[in-house]
Amino acid sequence: MKQFTGINDVSDVTGLLQSAFVYKNEPLKSRDLGNGKTIGLIFLNPSLRTRMSTQKAAQNLGLNVIVLNISGEGWKLEFTDGTIMNGPEAEHVREAAAVIGEYCDIIGLRAFAELKDPERDYAEHWLRAFIEYGGRPVISLESATRHPLQSFADLMTIVELTNKPRPKVVLTWAPHPNPLPQAVANSFCEWMLMSEVDLVVTHPEGYELAKSFTGDAKVEYDQKRAFAGADFIYAKNWSSYRDYGRVLNTDKSWMITEQKMALTDNARFMHCLPVRRNVVVADTVLDSPASVVVRQAGNRVWSAQAVIARILEANG
Amino acid sequence: MKQFTGINDVSDVTGLLQSAFVYKNEPLKSRDLGNGKTIGLIFLNPSLRTRMSTQKAAQNLGLNVIVLNISGEGWKLEFTDGTIMNGPEAEHVREAAAVIGEYCDIIGLRAFAELKDPERDYAEHWLRAFIEYGGRPVISLESATRHPLQSFADLMTIVELTNKPRPKVVLTWAPHPNPLPQAVANSFCEWMLMSEVDLVVTHPEGYELAKSFTGDAKVEYDQKRAFAGADFIYAKNWSSYRDYGRVLNTDKSWMITEQKMALTDNARFMHCLPVRRNVVVADTVLDSPASVVVRQAGNRVWSAQAVIARILEANG
Amino acid sequence: MKQFTGINDVSDVTGLLQSAFVYKNEPLKSRDLGNGKTIGLIFLNPSLRTRMSTQKAAQNLGLNVIVLNISGEGWKLEFTDGTIMNGPEAEHVREAAAVIGEYCDIIGLRAFAELKDPERDYAEHWLRAFIEYGGRPVISLESATRHPLQSFADLMTIVELTNKPRPKVVLTWAPHPNPLPQAVANSFCEWMLMSEVDLVVTHPEGYELAKSFTGDAKVEYDQKRAFAGADFIYAKNWSSYRDYGRVLNTDKSWMITEQKMALTDNARFMHCLPVRRNVVVADTVLDSPASVVVRQAGNRVWSAQAVIARILEANG
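Chains as they are written, first to last, in my numbering: chain A, 1 to 316; chain B, 1 to 316; chain C, 1 to 316.
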């Protein structure tokens, strides 16, 4: 694997999944694989789960880890070519990425959507610049349009907890006071569409995701109908893609409740966290045995470890 | 030892003390004890001594260390159950602690008193929530009401420097421009009352500490009388507990001076640092051979190392 | 080597240079040299290159690394003796440095010039205080007046890329919107004057560096004349030393362009980064094969590694 920015970078999802389960059973199996090598984890945005799980995964593989919270500690970067740089940006991404590439064998990068200009966000300028100028394998720690380490951990969780050949998985929009990126939802669709599940996406009208991510997934505007017979309910808020970055609706009726869970086939409740209680989901659901959100978060270690190991193996 | 939040978590103070002295002589004695395990150090408040000494102690034991400055880097956490979380708090401590527990074998937590509501502070809601929801041994890196790693290092320092069977130890209030928590003073009392010392606490009226911490310790409102014949002077400011969190008095006459030290039996001067010179203590005392403040800070490594080792041993 | 704050701390530049090239070829050659020891990297100012390269260098030598961004995470320090500390400074450097010395075998320190008072800056009060009170070998990660790890990496780069016995090296001032310290330029002069190169310094009038740094270097106010026949062009902005800390000139005519590079003997273009494109240097120069700025940044690892190794060896 030469990079990990989305499922398209994975030639063999089943093999990668198997590797993640092996690490879950035996975390220190490849404890010397990364010896003497360094992974740089660059965060343009805050992180709890991604930072801790990726750092732990890297340490399990014997890698040195350098964490850089560039928003607070570093410089504002310029991306446009040909600019006269006499504004606040003190460095161009061409130099910044190339230099980080001198110090790291693998570059992990988190850069959220700005939610102002869909073309700019969906062009993934941060990720693309680091791939182009960094000269090292890049792992997305959540980019403007995807969160593949999360989606891979989500897939692990579903595979662990189902014994149906083709479980019904429902991605449901849920309310939130703030405008959030579409990255988790986009990415979840991509991974589910490549897996042995039946995916249904449900949300209020106006919250349609980009067609390039939902593809042939069934879209159902009636949340209750969508929940019928479901095996997994994956809740997530996202802001509008069409009316880009806007909160169109804070309708509480979309919150996940016990009543709605009762419509499912004893579905598990999933969320990538952090989650706002009694806004996105009722306490009674989140505190029930059906909730597997902490397991999902735990699986972030093993999915990251499988990805990093694959990249180390491919890059000698 | 299943956790370390105060002296009550230690079944065998003498044994733990002995272990700390062993590590002081041979820092790398148990260099593989923590191999493949991770300690997370979560700071809600700034830290120099605690962060560096605990990180070094953990590294001496072969642990991986993940430092999280949650105030700057992370999320505001909700603690109340049943809340509709549509305010600034993006995550409930139930999920945050549980997730951190997924990534760490031991959780170190620093969360100062807010000094607004004594019941809230003295209920130790941060510490209790992480113990309840984290599912891992918790080490206090200073909580609202106690700083046990500091007190343990203080005890080490006293034991190292006395040859009396029962030295006289004076905890004295000292002036400070800002309102400070009672944690260091509370904790120091607890540890001294369990040790072979005669503890006297001296402070202006109105600065009485919570009775649950001072217990049977002698309280003396006349600082000079308290100093008479003392072997150790431990200076520390704290804000009022009765008139909670208020600075009642900035009377410079309580500063520790050479004249006052002359009343003692060649006492050593102790302070947990950081210390404001010529406010809490005169330069002539702090720069004299009687001052052992740097030794105290140095002992923070070995006390932390003994505690972490004990927890690792108890948790296989 | 008992410390590394400037070239005067290096008894044998040629030997140190040789050691850096050895590490460049074999990064893990001395991977156990620092085992069980700790380097503390204290940053009063932001850092990308210095932090990452020094952290990597230390890890290559088996050291534990503790990074402390003291501006954001720590305390304001007092430097003046005898002060009554009732202002914002919560700790005196005497205690802060001594305590850090208890936790670290080597102290790395970054503290930029404040550009207000030349005497204060050129007295290097941060560096001197940490040397005096820290009790450990100190490595400058850029001080008020010098950036020796940068200059050493610059020397490596020049040695690697020349086969002339005495190449012509030109340090040229370049425009910048903000007032910058003289540290990189000062330090570069010091290192070049001790090496087998012909150094020419060129800048507008008013930008003369301190004579204690430029020594006998040739100063040429005509940039084009300075460039004639040069083998290396080292561009850097600095604020005025005479009219201390002021930007006297933002004359774009001092920017490094293709036309000017054409006057040289196929010179390499050097800069310590971060660099403002089309202000300090034109894209056409920075993106040409003549530019070796990323190589310079890469050499920061090996120069730091040679310095740290030398200090570890000297301190048993």
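Check the hints yourself; a few may be wrong.
Note: identical chains are not told apart, hence a pair may lie in one copy or across any two.
[To be verified] Straight-line alpha carbon distances no greater than 20 Å define the calculated DMTMM-like cross-link-like pairs of lysine to aspartate or glutamate that follow: (1) 116 with 220; (2) 218 with 81; (3) 252 with 89; (4) 76 with 283; (5) 29 with 313; (6) 76 with 9.
For the record, the hints were derived by calculation from the structure and aren't laboratory data.
Predicted model only: the values in this text are computed from it and were never measured.
Hints, verified against the model:
{"no.": "1", "hint": "116 with 220", "verdict": "neither (27 Å within a copy, 50 Å between copies)"}
{"no.": "2", "hint": "218 with 81", "verdict": "neither (41 Å within a copy, 36 Å between copies)"}
{"no.": "3", "hint": "252 with 89", "verdict": "between (41 Å within a copy, 18 Å between copies)"}
{"no.": "4", "hint": "76 with 283", "verdict": "between (40 Å within a copy, 19 Å between copies)"}
{"no.": "5", "hint": "29 with 313", "verdict": "within (14 Å within a copy, 22 Å between copies)"}
{"no.": "6", "hint": "76 with 9", "verdict": "neither (29 Å within a copy, 35 Å between copies)"}
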